[in-house]
Amino acid sequence: MNYGIVRFTLGRILCITALLMAPSLFVALIYSEGWQGLWPFLLSILITGGFGLIMGFKRPENTSYFAREGFVIVALSWLALSVFGCLPFLFSGTIVNPVNAFFETASGFTTTGASIMTDVESTSKSILWWRSFTHLIGGMGVLVFALAVMPNIKSEDVYAMKAEVPGPTFGKIRAKLRSSARILYIIYLSMTAAVVILLFLGGMPLFDSFLHAFGTAGTGGFGIKANSVAYYNSAYIEYVIGVGMLLFGVNFNLYYFMIFKHIKGVLKNEELRWYLGIIAFAIISICINISHLYDSVSKMVRDVFFSVSSIITTTGYSTADFNRWPLFSKVCLLLLMFVGGMAGSTAGGLKVSRFAIYIKSAIQEIRKNVSPNRRLPVKFEGKTLNSGLLRQLSFYLTTYTIVFMILLLITTLSSQTFFTAFSAVAATFNNIGPGFDAVGPSGSYEGFDNLTTFILSIGMIMGRLEIFPVLVLLNPRTWKRG
Amino acid sequence: MDIVIAGAGKVGEELCCDLSKENHNIILIELNETRLDQLTNMYDIGGVLGNGGIYDVQAEAGVNDCDIFIAVTPNDETNIIAAITAKKLGAKYTIARVRNPDYFKQMNFLRESLGISMMINPELEAAHDIVRMLMFPAALNVEYFEQGRVNMVEVVLQSDAPMAGMKLKDYNGRYGNVLICIVVRGDKVLIPDGETRLEAGDHVMVTGSNADVTTFCRHNQHRLSKISSVLIIGGGKLTHYLLSLLVKTQIRIKVIEADSSIADKLAADFPQAEIIFGDGTKQMFLNEERFTDYDSVISLLGIDEENILISIYASRMGVEKTITKVNRTDLLKVLDNVGLQSIVTPQQLIADQIIRFVRSTENTLGSNINAFYRLANGRVEVLQFHVKETSRTLYTPLTELSIKPGLLIACIIRENSLIYPSGSDMILPGDDVIIVTTNKNFQNIDDIIK
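If you read the sequences in order, they're chains U and Y. For our numbering, add 17 to where a residue sits in the first sequence, where the first one is 1. For our numbering, add 215 to where a residue sits in the second sequence, where the first one is 1.
It is possible that some hints are incorrect.
In silico BS3-like pairs for lysine-lysine, Cα to Cα no more than 27 Å straight-line [said to hold, decoys possible]:
no.	chain 1	residue 1	chain 2	residue 2
1	U	K278	Y	K307
2	U	K75	U	K142
3	Y	K403	U	K75
4	Y	K303	U	K281
5	U	K179	Y	K225
6	Y	K225	U	K193
7	Y	K655	U	K193
8	Y	K225	Y	K307
Under 10 Å between C-beta atoms, here's a sample of chain U residues computed to sit facing chain Y [to be verified]:
no.	residue
9	E173
10	R191
11	L293
DEER-style ranges, computed between Cβ atoms [as the list claims (entries may be wrong)]:
no.	chain 1	residue 1	chain 2	residue 2	range
12	U	G294	Y	K655	42 to 48 Å
13	Y	R400	U	L70	35 to 41 Å
14	Y	Q321	U	F412	53 to 59 Å
15	U	L426	Y	M257	40 to 46 Å
16	U	L352	Y	I269	39 to 45 Å
17	U	R76	Y	K655	56 to 62 Å
18	U	K281	Y	Q321	39 to 45 Å
19	U	F412	Y	R400	55 to 61 Å
20	U	G405	Y	Q465	36 to 42 Å
21	Y	E520	U	S207	56 to 62 Å
22	U	Y311	Y	I269	42 to 48 Å
In short, the hints are calculated from the structure, not lab data. All C-beta atoms in this analysis are idealised placements derived from N, C-alpha and C, irrespective of residue type, glycine included.
Chain Y extracted, bound-state conformation (with noise of 0.2 Å):
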């Protein structure tokens, strides 16, 4: 697809790394000369110089027959203007990103009325990503469809745990209704069917109600299993959006910010929070607030450094889960083994949100995929599929409907409700279909029958 990314800041080269590599043909737009040359010699990109709020460089780049614009340069309103501006020259989507609470309260106006396909929000995302986490602490990873209501949490088989060595037919659920969606052992990817044995040391993938899959996360590790108290350091925007989202949950929080003011105003706005006047870098005043005490701590500072060496030193000194913001990802491979368990990355988590979309609408043009998804390292696809009445595999019970192999129904979505199907379950027209396969190109919910 030809895509026009405006702005090579950190999301902006991400994107160009990602989606180059998967042969679309991207024009980024910069401000910066130096910045653009070093991105088009990284890359096979073309570059176009100038401010992608303008019209002159937006035809320069072709946005008027591109696919996608995708506006992420620092500055809200130029990533709203690029992306009107983008829309009425021909685009067929177009992405903007706005960090703005304020703007972003109007995104369905903005969304319907001016035409911009999707906002996002890389503090909002984060925050999601922070309570993921936190749902599922034991989880190396959760992924997350139908915005957000299906979840899919990776975990690693534990040696001691009761389910390794168990074939799947002999599951049934004892340790938590889960449905093992994919099973990564060493390079291989396996669709689990009924006699596949899950073995020690391996990645699943397990989707279920969160209740479920908290369950079965106990009974893989012991600890871990529920966090219910968390301490976050630093009171900027993430945590403004993480304390709206953790307030409504039963967690016990405390904030520590260092800047009167602003926690002032946290204070006013969540009463329901805690939130300390101090300076969360120093070792005496974190010993003071007890944090050895709570069950995660999460930092959330402007400065990578001391977030890390605060999540080293919560993690040493006992805390069970620590979470970590950092924005530059470069250098984190060398961090593998100091103890930092969860990492955030707000830019990072933006681009692969944007990627899924790309993805999506590559994969969605001309065929009946309502949402595409790619897990473990693009082997695996996650399809959506709305079912119509005139689908084969309507009214007969899963476990009589032959499917082909290497593939498996994760979820059924029906009106408000959600079906982690057993054999006995069947699909209904107007259902929303989740499916989970190592084969590719399925266009039509008719495919998974042999």
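Isolated chain U, as found in the complex (with noise of 0.2 Å):
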């Protein structure tokens, strides 16, 4: 373990954060909340600032790392967010509980959506503005930021970029890190202020624009009314952020090739085919399914629309209260998330990829049984999958699994239902935001005990960076020499 690097990056991460937190200054002073909007955020600068300062002010002499360091520098990072995260939080007295502010903060960086406050429409505008720019933050990245804006980008740091962009396989969109980085960014932050513009011409106001915009693109979920997005009550802007959503669900690759090469590549993608597949499988069968419950055909699939896409993509905004649809609706909308967005987007669940590789290597498992000898190759966008990939694929599905029983087997310590305790943690875990019944989208994660919340924090930090990097810090191995 090279000790010195893993010290020196997490000092810039939290340099940056610090900086990160200047925007909710200006929301404080342009809402004019004086001092009581203000000192939060100077505070919890400062603190964040001065922790980072001292910690990246020597740059180490051995600044070579490899994977370990890698996860080990990514996983540190998301805790260390999550804690410095929390403090504008406690310091103005909006959630006075700290396991709930580090869950609240944690639920933001990974762009959940799921929260403990109960009361958010009394809560101040610059409180308000952070809790949703941690959406913005944490849907690409902070360390692809931090590889975006830093200088001095070294090649080793391919392995904290692969740590934290989500999915089974990472390539760079061009050669060099830096400027992958940077377009990724580029074409992040212009489809979100497209969205910003979109929602403001439809009525919403400015503020409350940029706060659903982030939510998008960050696929992260967290309302700032009662009802969430329900509250506007406009068709348009359901729309906008339903059609959002699924686009911040689809791989940013993607966009690059579109813009630099040629949009048929793109359209024979096969994950992408997969994705539109299963939403379009979805929302048919849920429509079947609850259309007795709706008059308006046109309320109806709006609604469903809003919700499969708000799931799949694991944003969790709500319009309708999906809580009082039939069972076999729920349940549609349960197992998608465990799909997830596509590989390379802002979204989490398993990825629709994997997703894809277990369906077909289920389906050649079968085939192989009724002939034993027969080579069957598993194919995915053309390419026949090595048994290396195949085999790092299924044993992600068997630790996923085993972490989720752990997580599970906790929850319902402080649970009422079991309902309530397999969403919540699927919708932690997954960073979809609301689940059902207790924590469905009009109930809130207020009723679980200390250790349940901070728990579900932990998995909520592990489902968003792909469960490896957290459990690279729990191995002791890492930890010592050689």
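With the hints as a guide, dock the two chains, each given alone in a separate frame, to form the complex.
Now the structure itself:
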């Protein structure tokens, strides 16, 4: 373990975090919240920046690092982000319990959008801004951001970027790490800006447009009204956000290819076809299932489209209370939580590419049982997957299941119903936000005890970083020499 | 610059490593997925899986708008086809590694008719390198410019050398009429002027005619002044190229080769050399061939370990100059103190050569620089300018030109003669001038004037 480089990188990340808190100060100034609004952020910036400067002051002599340090840096940065990011909530008194504040911040950065706050509408604007801004930062990843803005990028930083960008495989879109990171961020931010403008044109107040765009871009989903997007009661706004969420659930590399190469290749992308196929299937089957509840078809399609889009992209905005839907529709949504968005997007979950490969391998396995000596390659995106990658993918599912069971077991300690506990774990571990029953769209995560809240926070970070970076931290071998 | 490299062998890796550090955008094409993953993880480069000679693969790698395409796959034919394809696709410069002597003979044809900018042969480069080492046996390093016509030799000043402690203005060619271009003292790099005092332990880089440089080396270090006989162990391609260069000199040559038919062919091709059939790795056999009577032993077998052992043995037995071919350089650092004097690594040499080409291309685009090199770990630049009739430097003796500090005119190439200038020499139109400088960003010969 190269402790020096881990300390140094963490320091740099904290400095960036402190800088990212600065816009909240402007919000406090603009809405003239006075000293009350300013000082929580000033103090947080001082503390975070101070830690950052102390840790990042001395450049380590040995700056070489490998996959192990990459994992550790990413996992620790995300923990540190959540710890330091919750300071404004605590200082402003919005959230009193530190564990709850940690949960809220982790939920923001991991773009989960699960909230323990019950009275959002009376919270000050600067705090709301920071709460949603964490979605924007966490969506594309803070290390990717660091790579895009920091000088002195070294080839080793590919390990950090790899650990932070979700998906089973990682492809750089440009030869240089830095220009790849920059292009990703440029695409990300311009799409976010487009959502802001579209929402504003649809009659949403500017402040709300920004926050909803952040939630949409990061596929986070913190609502700023008690009944989330339903508050605006506008088909236009719902479709802008619904389509926006779907677009942010698409692999960003595809946008690059669309802009700089050719659109044809993008349409042939197998993962994209699976993604759209799953969405279409879910919308149709849920519509059939709930058709008796609605009088108007357009209202039904609108609600179902929005809910499916919100759940599969792991955003968690809501317009309809799907808690009241029949069990089949609820389970459909629950299963979509596990699929998640496309690899290389801002969404969580298992990712569509993994899901598709699991199904394809299962089919090949069945065929293999029929004719045991037959060679049956598993193909994805037109390429045969090698056994190493397949093994890695199936062990990911195994690990995912084991971690899920552990989280579930702990959550049941303070849950009323099985559906509450199961959907709470599914909704946090897959970074969605709202679950069913007590944690449904109209509920909150407030009812859990401190242990469960903390474990679910760690579960969110695990889900965002695809489990292994966090597990690496727990392995004692990581911290030893050699 | 955008550079596409086909082939992730040892040379490919070396190129990825060095060029990505110099901030070029590199895309690597490689057939083997594991190898490609390994390199894309290690260096900041992009990768494309596939055969570098295929049009589609090249198009995916973006060869159509790249600046330089480098083909260094293990296969000559692939390299040539890849370079031609890249040229037709739109690569500005193409480089191909070609080892087969038969193809190499038609280099000029391939270059001119098919548009391959540079063809490079690792064995031939290594042979040239060995010859330079033999010419200046005391040198740590020999740099060469203008297709090898101008040499710059790096030596360490010995404490008993007569020029140690001398100011340069007092030197006046007393120990060989050479020009001292660069002095490296500890961490400092100096471009010396008349007031600079030479100190023992300095690494100095000198240039001059071969005879003068040899004289300088002889005064500096009494041993090792001239090599007059060499024993070469191993008769591969490299030996073939080396012999064709060495037979033109006065050096006595003996070659030991363990394969009877190769030995016969060498004997037929090079009647001037003594070709011995036998196993050069056997101690008894080496003794029988009286290897200690030779000034230099060069081990060029296919196996690194054997070469290293032979050289260590020869060095212990008192051979003055041993040259060892080592292909795998990563573990060489541990061998510093076992007495290997000079090491030749063909892959490294061509990687260096290609990197020189890239730097030269990069720095000469849009300027009047004809060639560009970096020495002393990149802290010194060597630039070659062609002087036009409009230059302000013409017809003035160099002492009267007010030249910027940290700069030195190392050589003037006038038609076919080389001038290592003194204060009274002048620059004339049509000359090529090589300058050595620690300042960066010279674009034009006139930039050297204050």
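Going through the hints against the structure:
no.: 1; hint: U:K278 <-> Y:K307; result: 21 Å, holds
no.: 2; hint: U:K75 <-> U:K142; result: 37 Å, violated
no.: 3; hint: Y:K403 <-> U:K75; result: 25 Å, holds
no.: 4; hint: Y:K303 <-> U:K281; result: 25 Å, holds
no.: 5; hint: U:K179 <-> Y:K225; result: 26 Å, holds
no.: 6; hint: Y:K225 <-> U:K193; result: 21 Å, holds
no.: 7; hint: Y:K655 <-> U:K193; result: 25 Å, holds
no.: 8; hint: Y:K225 <-> Y:K307; result: 24 Å, holds
no.: 9; hint: E173; result: 9 Å, holds
no.: 10; hint: R191; result: 7 Å, holds
no.: 11; hint: L293; result: 25 Å, violated
no.: 12; hint: U:G294 <-> Y:K655: 42 to 48 Å; result: 57 Å, violated
no.: 13; hint: Y:R400 <-> U:L70: 35 to 41 Å; result: 38 Å, holds
no.: 14; hint: Y:Q321 <-> U:F412: 53 to 59 Å; result: 54 Å, holds
no.: 15; hint: U:L426 <-> Y:M257: 40 to 46 Å; result: 41 Å, holds
no.: 16; hint: U:L352 <-> Y:I269: 39 to 45 Å; result: 43 Å, holds
no.: 17; hint: U:R76 <-> Y:K655: 56 to 62 Å; result: 25 Å, violated
no.: 18; hint: U:K281 <-> Y:Q321: 39 to 45 Å; result: 42 Å, holds
no.: 19; hint: U:F412 <-> Y:R400: 55 to 61 Å; result: 57 Å, holds
no.: 20; hint: U:G405 <-> Y:Q465: 36 to 42 Å; result: 59 Å, violated
no.: 21; hint: Y:E520 <-> U:S207: 56 to 62 Å; result: 58 Å, holds
no.: 22; hint: U:Y311 <-> Y:I269: 42 to 48 Å; result: 56 Å, violated
Consistency note: the structure conflicts with the earlier hints numbered 2, 11, 12, 17, 20 and 22.
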